[in-house]
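Engineer: Here's the letter readout for the chains.
There are 2 protein chains.
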Amino acid sequence: MQKSLNIAVAGAGLVGTLLAIYLKKIGHHVQVFDKNKDIREIEFSGKSINLAISTRGWKTLDDIGIGDRIRQLAIPMDKRAIHKVDGSVTHQKYGVDGGSIYSISRGGLNRIMVDIAEEFGVEFKFERKIWDVNLSEPSLFVGKSERGDWEELPFDKIFGADGAFSKIRARMQKQNRFDYSQYFLPLGYKELRIPASADGTHKIDKNSFHIWPHGDFMLIALANEDGSFTCTLFMPFEGEISFENINTEEKLLHFFAEYFPDTKDLIPELTTDYFKNPTSSLVTTQCFPWTYQDKVALLGDAAHAIVPFYGQGMNAGFEDITEMYRQIQKHGDDWQAVFENYENVRKPNGDAIAELSFRNFIEMSTKTADEMFLLQKKIEAKFTALYPERWLPLYDRVTFSLRPYTEALAIGDMQRDVMNEIMATPNIREKWDTEEIMQKMYQLTEN
Amino acid sequence: MQKSLNIAVAGAGLVGTLLAIYLKKIGHHVQVFDKNKDIREIEFSGKSINLAISTRGWKTLDDIGIGDRIRQLAIPMDKRAIHKVDGSVTHQKYGVDGGSIYSISRGGLNRIMVDIAEEFGVEFKFERKIWDVNLSEPSLFVGKSERGDWEELPFDKIFGADGAFSKIRARMQKQNRFDYSQYFLPLGYKELRIPASADGTHKIDKNSFHIWPHGDFMLIALANEDGSFTCTLFMPFEGEISFENINTEEKLLHFFAEYFPDTKDLIPELTTDYFKNPTSSLVTTQCFPWTYQDKVALLGDAAHAIVPFYGQGMNAGFEDITEMYRQIQKHGDDWQAVFENYENVRKPNGDAIAELSFRNFIEMSTKTADEMFLLQKKIEAKFTALYPERWLPLYDRVTFSLRPYTEALAIGDMQRDVMNEIMATPNIREKWDTEEIMQKMYQLTEN
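For the record, the sequence lines run as chains W and E. Oh and the first sequence: position 203 is 188 in the numbering used here, straight run, nothing missing. Oh and the second sequence: position 271 is 256 in the numbering used here, straight run, nothing missing.
It is worth saying that the hints were derived from the structure and are not from the lab. One or more of the hints may lead you astray.
Dumping the calculated DSS-like pairs for lysine-lysine here, alpha-carbon to alpha-carbon at most 25 Å [as the list claims (entries may be wrong)]:
{"hint": "1", "chain 1": "W", "residue 1": "Lys69", "chain 2": "W", "residue 2": "Lys352"}
{"hint": "2", "chain 1": "W", "residue 1": "Lys261", "chain 2": "E", "residue 2": "Lys261"}
{"hint": "3", "chain 1": "W", "residue 1": "Lys78", "chain 2": "W", "residue 2": "Lys191"}
{"hint": "4", "chain 1": "W", "residue 1": "Lys114", "chain 2": "E", "residue 2": "Lys78"}
{"hint": "5", "chain 1": "W", "residue 1": "Lys159", "chain 2": "E", "residue 2": "Lys114"}
{"hint": "6", "chain 1": "W", "residue 1": "Lys332", "chain 2": "W", "residue 2": "Lys352"}
{"hint": "7", "chain 1": "E", "residue 1": "Lys129", "chain 2": "W", "residue 2": "Lys129"}
{"hint": "8", "chain 1": "W", "residue 1": "Lys367", "chain 2": "W", "residue 2": "Lys425"}
{"hint": "9", "chain 1": "W", "residue 1": "Lys159", "chain 2": "E", "residue 2": "Lys22"}
{"hint": "10", "chain 1": "E", "residue 1": "Lys159", "chain 2": "W", "residue 2": "Lys20"}
{"hint": "11", "chain 1": "W", "residue 1": "Lys142", "chain 2": "W", "residue 2": "Lys280"}
{"hint": "12", "chain 1": "E", "residue 1": "Lys159", "chain 2": "W", "residue 2": "Lys22"}
{"hint": "13", "chain 1": "E", "residue 1": "Lys261", "chain 2": "E", "residue 2": "Lys249"}
{"hint": "14", "chain 1": "W", "residue 1": "Lys129", "chain 2": "E", "residue 2": "Lys159"}
{"hint": "15", "chain 1": "E", "residue 1": "Lys159", "chain 2": "E", "residue 2": "Lys332"}
{"hint": "16", "chain 1": "E", "residue 1": "Lys249", "chain 2": "E", "residue 2": "Lys191"}
{"hint": "17", "chain 1": "W", "residue 1": "Lys10", "chain 2": "W", "residue 2": "Lys315"}
{"hint": "18", "chain 1": "E", "residue 1": "Lys191", "chain 2": "E", "residue 2": "Lys78"}
{"hint": "19", "chain 1": "E", "residue 1": "Lys280", "chain 2": "E", "residue 2": "Lys159"}
{"hint": "20", "chain 1": "W", "residue 1": "Lys332", "chain 2": "E", "residue 2": "Lys159"}
{"hint": "21", "chain 1": "E", "residue 1": "Lys332", "chain 2": "W", "residue 2": "Lys159"}
{"hint": "22", "chain 1": "E", "residue 1": "Lys191", "chain 2": "W", "residue 2": "Lys159"}
{"hint": "23", "chain 1": "E", "residue 1": "Lys78", "chain 2": "W", "residue 2": "Lys159"}
{"hint": "24", "chain 1": "W", "residue 1": "Lys159", "chain 2": "E", "residue 2": "Lys129"}
{"hint": "25", "chain 1": "W", "residue 1": "Lys44", "chain 2": "W", "residue 2": "Lys425"}
{"hint": "26", "chain 1": "W", "residue 1": "Lys159", "chain 2": "E", "residue 2": "Lys249"}
Using the sequences and the hints, build the whole thing.
Structural biologist: If you want it as structure tokens, here you go:
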């Protein structure tokens, strides 16, 4: 399909490793550079949020034949479990057709993917930090320290999959006419842990995405294979309820007792976890172009880091690979065409999922606890069952379809307007499932 | 007022040099670092746009007592001169009170300001490039080349006035929770030149800001002291009429003959200028925070690079200095308070002038040629004369007042809505100066 080339991938994370597998499979010589130690030999840092693999991610994994090996590590979640302060739990099914998203730990997934990549013949160069890039050669300047000796390594192509603070992109940013932005939420997050029961089972339902929604802040928990849960507390950095203010054991215990009472026996190491684990920040980065001539291309977070509230960061990164591969199949050795089409297709989708992810914090942390939101979901589900060609809920289009994110954003806005009108119907609580409401929706979705 | 400190200023441009004068005047030891040769010994690069000093800029110069020396080099412009393709020229007065803005060449201004700064006792370190910054010391890593030897120089404070691609800001960008964006217009610019007449006089009116407006592209000309004009051609990079397409002498001459026929005898070296001078890009950068603890602060383009269409880039940078000085007078040695208040006051104003500058391209390149725009200006002027406390036109508030840019943007939006309603009055062309229209404006500005 293509002449075999000497290719460097920056970053041995999920996107870099999977991209390397694709490039190796089609005949290239592929080396992956990462500044960290071999991730199979290190503890992950206590700052991870569990991943939720959904339809787009599975497609990229399945297309190269490794989906089933990953499925063995993944736990299906078919619903949200909403925890209230009175201790009650309500469930909200994902997907009108009963779809599931799959919880997996970042570390576990990354390790097995590096194993698989090595089986394919990909070479990993760990502890080799990239200090600079010559875009026009292209070449990488690699070394142990910035002030020590650097080695200049020439390649035919360089792919930057080195994350939200990509070194490859940092060099591109110095080019004329390179648009770039990084924006941090005033909200941070911290990893906590629910260990397994003594018998190794999960203490709460492993097939639910657990949420404790409280508006400005929330706690979530996703199951791991070993019986534990990775929990993430999202909270403002500053303000009344904030990481800055909750700074003593007493305040912490009081805070959890007030807002998350049913976690008392679930998180035994709360104090240790909270004060030991770092408070991480949440950044959205956007840039353009994503490529330099026919020589360098960015994928994944390096091109479009997003906030985690739609669970699409990794899935969007994997979909970049699917698109790159599609363009390679189409344009072969014409890498200029491959890169141009890749960035023109993916850039608007990167922007769309950034916007959707940004908005979804409100849905997760506020609306999931709101009775009218639940009613709206029921109306949508009923209408979808009656007229499936007329309505696919936004969440389903993002999570359980391969339709472009741009389409999800546009149709989602249209659907929001329709639902605002429907929900403003007098006595909607009583007559939500009547023929009248269904016909009103039918008319509003005409054209 | 303050304990004398050892201060570094990065950048010997206009803002860096003027800031250094202020800091030296209040007793600090000040060194200014610049990667370029002494600007008094070099030719400027043929990529400059003449500056227009207006009220905010003069205030900062006058407050430190150097305004009059600059005035000797500056040429007042009290009006726009709009050139049409039929060769006719119409004039539009600046300012309801007959204010002027002052044309000055960047090179000429920068040279005299370095002279003045040396008279004050500021030390300049030219050809000393900053390769890295240690924000928390703070210290600068300075050297001739990136791979050669660097010297680490410690300071009490570091001020980054090193322009749109600031090295100081680049280091701050790597800090957690640092918001940053750079956005390029799809439009570039190129410097051209109208030389003086044989007798040393100006070939066209020196007291006008000359504009040849054509919507997507435009030519402007501002007078220099030596009888010449610095012209700037603004045009899209790509597209039908673009720098990419106008790439032969034949196309260039045809283009100028069609759109700028009255420049035929004014720009004798058109072909040489056009093909020799670089095509420059136009960037807006925004960031926050502008300071690091009580150690490092950004001013001018390093904090907020804007597009040139409001003529406020340098004026806004100088106003940063005025605000910094105001906070120094207020808080003395409490540099934490100085920096915090400085950035909290100036950041919203930087964002506001960025937005206003962005919008003003449309006004300059399109509306100045539009009959209804001129009518609107006349209505505004009449209303201002009748009710000066009710209406200060947006241009006047930005250019001829010291009111915050944020206020200009907010009131400007309100005024736009009022004028849209006024201009929609039936037969407005006939009755624009009637009592009815004035009373309608009076009512619309009630509150």
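Engineer: If a hint holds in the structure, say so; if it does not, say that too.
Structural biologist: Checked hints:
Under the criterion of a C-alpha separation no larger than 25 Å, the hint pairing lysine 69 of chain W with lysine 352 of chain W is consistent with the structure, at around 13 Å. A hinted pair counts as satisfied when its Cα atoms are at most 25 Å apart, and lysine 261 of chain W with lysine 261 of chain E does not qualify at roughly 60 Å. Only pairs whose Cα atoms come within 25 Å are accepted, and lysine 78 of chain W paired with lysine 191 of chain W is accepted, the gap being roughly 14 Å. For the proposed pair lysine 114 of chain W and lysine 78 of chain E, the alpha carbon gap of about 60 Å is over 25 Å, so the pair is violated.
For the hint pairing lysine 159 of chain W with lysine 114 of chain E, the CA-to-CA distance comes to about 16 Å; that is within 25 Å, so the pair holds. Proposed proximity of lysine 332 of chain W and lysine 352 of chain W is contradicted: the alpha carbons are some 29 Å apart, above 25 Å. Only pairs whose Cα atoms come within 25 Å are accepted, and lysine 129 of chain E paired with lysine 129 of chain W is accepted, the gap being roughly 23 Å. Proximity of lysine 367 of chain W to lysine 425 of chain W is assessed by CA-CA distance (about 13 Å); at most 25 Å being required, the pair is judged to hold.
For the suggested pair lysine 159 of chain W and lysine 22 of chain E, the alpha carbons sit about 22 Å apart, so the restraint of at most 25 Å is met. For the given pair, lysine 159 of chain E sits about 17 Å from lysine 20 of chain W by alpha-carbon distance, which is consistent with the 25 Å threshold. Simply put, lysine 142 of chain W and lysine 280 of chain W have alpha-carbon atoms about 5 Å apart, close enough for the 25 Å limit, and the pair holds. The hinted pair formed by lysine 159 of chain E and lysine 22 of chain W meets the criterion: a straight-line CA distance of about 22 Å does not exceed 25 Å.
For the hint pairing lysine 261 of chain E with lysine 249 of chain E, the CA-to-CA distance comes to about 19 Å; that is within 25 Å, so the pair holds. Taken as a hint, the lysine 129 of chain W and lysine 159 of chain E pair is honoured in the structure, with Cα atoms around 19 Å apart against an allowance of 25 Å. At roughly 20 Å between alpha-carbon atoms, lysine 159 of chain E and lysine 332 of chain E fall within 25 Å of each other, so this suggested pair holds. For the hint linking lysine 249 of chain E to lysine 191 of chain E, the alpha-carbon distance of about 18 Å falls within 25 Å, and the restraint holds.
Annotation: proposed proximity of lysine 10 of chain W to lysine 315 of chain W holds, straight-line Cα distance about 16 Å (limit 25 Å). Between lysine 191 of chain E and lysine 78 of chain E the CA atoms are separated by roughly 14 Å; this keeps the pair inside 25 Å, and the hint holds. For the hint pairing lysine 280 of chain E with lysine 159 of chain E, the CA-to-CA distance comes to about 16 Å; that is within 25 Å, so the pair holds. In summary, the hint linking lysine 332 of chain W to lysine 159 of chain E is supported, as the alpha carbons are separated by about 24 Å, within the 25 Å threshold.
Between lysine 332 of chain E and lysine 159 of chain W the alpha-carbon distance is near 24 Å, which keeps this suggested pair within the 25 Å criterion. Taken as a hint, the lysine 191 of chain E and lysine 159 of chain W pair is broken in the structure, with Cα atoms around 38 Å apart against an allowance of 25 Å. The straight-line distance between the Cα atoms of lysine 78 of chain E and lysine 159 of chain W is roughly 41 Å, outside the 25 Å bound, and the hint therefore fails. A distance of roughly 19 Å separates the Cα atoms of lysine 159 of chain W and lysine 129 of chain E; the hinted pair therefore holds under the 25 Å criterion.
Taken as a hint, the lysine 44 of chain W and lysine 425 of chain W pair is broken in the structure, with Cα atoms around 36 Å apart against an allowance of 25 Å. Distance hint between lysine 159 of chain W and lysine 249 of chain E is unfulfilled; the C-alpha atoms sit about 38 Å from each other, more than 25 Å.
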